[in-house]
Amino acid sequence: MKSPVTTCPVAIRIQEDDFDIAREIAVLTERRTDIGAVVSFSGICRADEDSSNIASLTLEHYPGMAEEEIKRHVDEATSRWPLNGVTVIHRVGRFIPGQNIVLVLTASQHRRAAFEAAEFLMDYLKTSAPFWKKEESATGSGWVEAQARDDEAAARWTKS
Amino acid sequence: MKVKYFAWVRERIGKAEEMIEPPATVRTVEDLIAWLSSRNEAYAYAFEKPKVIRTAIDHAHVKADAVISGAREIAFFPPMTGG
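Protein sequence lines, in the order shown, are assigned to chains A and B. Each residue of the first sequence is one higher than the last, beginning at 0 in numbering that gives the first Met the number 0. Each residue of the second sequence is one higher than the last, beginning at 0 in numbering that gives the first Met the number 0.
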C-alpha cells in the first residue's frame, strides 16, 4: 500500500506589499488532492485601540530573526499537527485602518489540525516574533504595549 | 560584537546598531545592560526598566542570565507586538 502524501511546503515571507488571500490559498492547494482543510487567518489594521482613534500603524521588525523565529514555530506546528502546508506572510511598513497586516494559512487533511495550528502560530507570532507596532492618532504617536492576554494565549500551548 | 536596538529602545538610544567591546567582567546579558546603562543618559533611559527589555543573541531569544561570550550579534527590544 502506498503511504499518503506527507509533504508540507512552508512559505514564510516578510514584505511591504499586500497579499491576496485567494491567490495564496490557490498556491498552497495547487495540484494537491490530499488536503481536506485550509484555515486562513488574516490580521487587519483596525481603527479603535483602547478608545483612541488610530490614524495609522507602523510595523517595524528585526530582519533575519523575524523569519527564523517564525520558522521555529512553524517547525513546532508541523511536528505537533499533521499539516500539509503552511504559509505565513507578515507585512511591515505603514498601514491605515482596513489594510491587511498578517496572513496565516494552515492546510491539513482534516479541519481540527488546521484550526489548532493556525491559532498556535498566531499566538506565537504575537508574543515571540520580533515585530513592533507604533500607532499614530490625532493626539500623537506611541508604541503599542504588549498585552498580558497575548502571553496567556501563547502559554496555553506550552507542553506540560 | 554588534548590538542592535529596536522600537523604543532604538529611539531612546538614538541609533539602530553599533559595535561594542565590553570588558571581560561583563559576562551576562544583565551585566551588559548595566554596562550600557552607565554610558550616558540615553542608554540609562532606554534600560531604565531592565526587566521589561527583551534580548536576543544571534537571532534567538535569551534570558537576562545568558552568557554573552561568543555572541556575534546581541539585540535589545521591548516586548513584541506583531501579528
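Just so you know, the hints here were simulated from the structure itself, not pulled from any lab data. Treat each hint with caution, since some may be false.
Unchecked claim - Under the rule of at most 25 Å between Cα atoms (straight-line distance), these lysine-lysine pairs were calculated in the DSS-like manner:
(1) K3(B) <-> K48(B)
(2) K14(B) <-> K70(A)
(3) K50(B) <-> K14(B)
(4) K48(B) <-> K14(B)
(5) K70(A) <-> K3(B)
(6) K1(B) <-> K62(B)
(7) K3(B) <-> K50(B)
(8) K70(A) <-> K1(B)
(9) K1(B) <-> K14(B)
(10) K48(B) <-> K1(B)
(11) K1(B) <-> K50(B)
(12) K3(B) <-> K62(B)
(13) K50(B) <-> K133(A)
(14) K62(B) <-> K50(B)
(15) K48(B) <-> K70(A)
(16) K133(A) <-> K14(B)
(17) K14(B) <-> K62(B)
(18) K3(B) <-> K14(B)
(19) K62(B) <-> K48(B)
(20) K70(A) <-> K62(B)
Since the structure is predicted, the reported quantities are computational estimates derived from the model, not experimental observations.
Hint check:
1. K3(B) <-> K48(B): Given pair K3(B), K48(B) holds - Cα atoms ~18 Å apart, limit 25 Å.
2. K14(B) <-> K70(A): violated (28 Å)
3. K50(B) <-> K14(B): Measuring from Cα to Cα gives roughly 21 Å; hence the hint holds.
4. K48(B) <-> K14(B): Holds - the C-alpha atoms of K14(B) and K48(B) are around 19 Å apart, at most 25 Å.
5. K70(A) <-> K3(B): Holds, at roughly 21 Å.
6. K1(B) <-> K62(B): holds (18 Å)
7. K3(B) <-> K50(B): holds (18 Å)
8. K70(A) <-> K1(B): holds (23 Å)
9. K1(B) <-> K14(B): holds (12 Å)
10. K48(B) <-> K1(B): Distance ~22 Å between K48(B) and K1(B) Cα, so the pair holds.
11. K1(B) <-> K50(B): Holds. K1(B) to K50(B) sits at ~22 Å (cutoff 25 Å).
12. K3(B) <-> K62(B): Given that 25 Å is the threshold and the Cα spacing comes to 16 Å, the pair holds.
13. K50(B) <-> K133(A): Holds, at about 21 Å.
14. K62(B) <-> K50(B): With a Cα-Cα distance of about 10 Å, the restraint between K62(B) and K50(B) holds, given a limit of 25 Å.
15. K48(B) <-> K70(A): violated (30 Å)
16. K133(A) <-> K14(B): At roughly 17 Å apart (the allowed maximum being 25 Å), K14(B) and K133(A) satisfy the hint.
17. K14(B) <-> K62(B): Given that 25 Å is the threshold and the Cα spacing comes to 23 Å, the pair holds.
18. K3(B) <-> K14(B): holds (8 Å)
19. K62(B) <-> K48(B): holds (15 Å)
20. K70(A) <-> K62(B): It holds: about 20 Å lies between the C-alpha atoms, which stays within 25 Å.
Of the numbered hints listed earlier, those contradicted by the structure are 2 and 15.
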